[in-house]
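Top line first, the protein sequences correspond to chains V and D.
Quick note: the first sequence uses my numbering, first residue 2, plus one each step.
Quick note: the second sequence uses my numbering, first residue 2, plus one each step.
These aren't lab readings, by the way, just hints derived from the structure by calculation.
This one's a predicted model, so the numbers in the text were calculated from it and none came from an experiment.
One or more of the hints may lead you astray.
Here are the simulated lysine to aspartate or glutamate pairs, DMTMM-like style, with alpha carbons at most 25 Å apart [unchecked claim]: (1) V/K6 with V/E100; (2) D/K6 with D/D150; (3) V/K6 with D/D46; (4) V/K6 with V/D46; (5) D/K6 with V/D18; (6) D/K6 with D/D46.
Here chain V is said to cover these stretches of chain D; the calculated rule only asks that three of the stretch's residues, wherever they fall, bring their Cβ under 8 Å from a Cβ of chain V [stated by the list, open to error]: (7) 71 to 80; (8) 119 to 128; (9) 152 to 163; (10) 187 to 196; (11) 205 to 211; (12) 216 to 230.
No residue lacks a Cβ here, since even glycine has one placed at the ideal position from N, Cα and C.
There are 2 protein chains.
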Amino acid sequence: MTTGKVTLLGAGPGDPDLLTIRAARVLASADVVLLDDLANPALADLAPNARVIHVGKRGGCRSTPQAFIERLMLRYARAGRHVVRVKGGDALLFGRAGEELAALRRAQVPYEIVNGISSGFAAAAALGVSLTHRDHCQGVTFVTAHRRDHSEPDWAALAATGTTLAIYMGMSRIDSLCDALLRVMRADTPAAVVQSASAHDERCVCAPLDRLAETARDAGLGSPAVILVGDAIGEAALLHATTEQREPVLRQA
Amino acid sequence: MTTGKVTLLGAGPGDPDLLTIRAARVLASADVVLLDDLANPALADLAPNARVIHVGKRGGCRSTPQAFIERLMLRYARAGRHVVRVKGGDALLFGRAGEELAALRRAQVPYEIVNGISSGFAAAAALGVSLTHRDHCQGVTFVTAHRRDHSEPDWAALAATGTTLAIYMGMSRIDSLCDALLRVMRADTPAAVVQSASAHDERCVCAPLDRLAETARDAGLGSPAVILVGDAIGEAALLHATTEQREPVLRQA
């Protein structure tokens, strides 16, 4: 029996137009699609010949065990199928790609990787800001607030870098997260929450760090969302539209 | 006279197939294309109706002054044209998008942003690694070694975060950069250089940090390239192919 292959594919932040040309081509030729629940379900329409299996991995929620997803990938590939493992955003930022690549190498199953736009970039586009405006910083750090051992990231070390922080999977504990950041950053540090960046239900708020959690809660923002913190976020178009930068601002798509 | 608009467009890391579907559509309808020299010149073929102007901004090299690029954008937009400012990678990571967005807002010229795949993600794909393997780290920091004031980034603070480092524009001074990192990181920290990620001339080397500069030089690697440093890089497929992880490894496309 011929061995198939597995493509780890980043589906981008939500808007199907933000798929890469290669991703669309790969989906069109897929035999089996394993669809992450952070990826747009409409992507199934781009894989007309594929058996589509929904495998959720959203932090905290009811989800398919990682080991089962890996067994599924290997079983179909060994049966000669082209398996496309679709992840929201980029394939190599968070989301267990490391474990899946290791499993594929152990099993000696051929694989390829197709990058996608991570939601932190789409969030910056929604705000109309550079993630790394050179007047304010020299880089950006993508970090997850959802850790295997439920410990907190080292916010003091992250703040000390002076990079813009793009925090993923943080909405479920945005209050404690902001409290932790306020111990190591200025209360008026510009910050924002962008929900469903690039998707039809995109919404964002900008507020100084000490009012971000309250502002996001009042606006009813929830997951999936990216929390952005740093002086570069003070350039947001939303804030340019207001006179008082200490005033929180909400925008809906 | 009608006002046109400006699209800040991320062209991805090099392979035209890594353009987004939206980016291809926007280029097809462009009147004027301002092409960054880190973007693939072949992209001009995707804009058959556009006047294509090459505006280089590569660090250190001969380049078009930023103020001139901004004046050009505004002049054509005010003349009613759809100007597409094409940047390598993503539109909002490094590359002066912050200044250009500010200029567009000051001039009240309508703009839109189309994200692209940044070369750090394509570099991880070339290596077959997750940027954030949860066995090793909780995030990734994208940082430029090329600072306006020619000072060094705060490597100690960056190392203290434990995030994977993706260092852009560092090849011209990789020796001093690695020396600085060796003062704050283990000599055997896994590291890699990926030149022209995703492009036809993609090449990469993996080596422990204390041998990275020498290995990259011996392999003749140059700009544009991304330097990746951190334990997550130790998962590179290249290294799995060797028995001795202390041995540097080169791969060519």
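Consistency of the hints with the structure:
no.: 1; hint: V/K6 with V/E100; verdict: holds, 17 Å
no.: 2; hint: D/K6 with D/D150; verdict: violated, 33 Å
no.: 3; hint: V/K6 with D/D46; verdict: violated, 32 Å
no.: 4; hint: V/K6 with V/D46; verdict: holds, 21 Å
no.: 5; hint: D/K6 with V/D18; verdict: holds, 20 Å
no.: 6; hint: D/K6 with D/D46; verdict: holds, 21 Å
no.: 7; hint: 71 to 80; verdict: violated (count 0)
no.: 8; hint: 119 to 128; verdict: holds (count 5)
no.: 9; hint: 152 to 163; verdict: holds (count 7)
no.: 10; hint: 187 to 196; verdict: violated (count 0)
no.: 11; hint: 205 to 211; verdict: violated (count 0)
no.: 12; hint: 216 to 230; verdict: violated (count 0)
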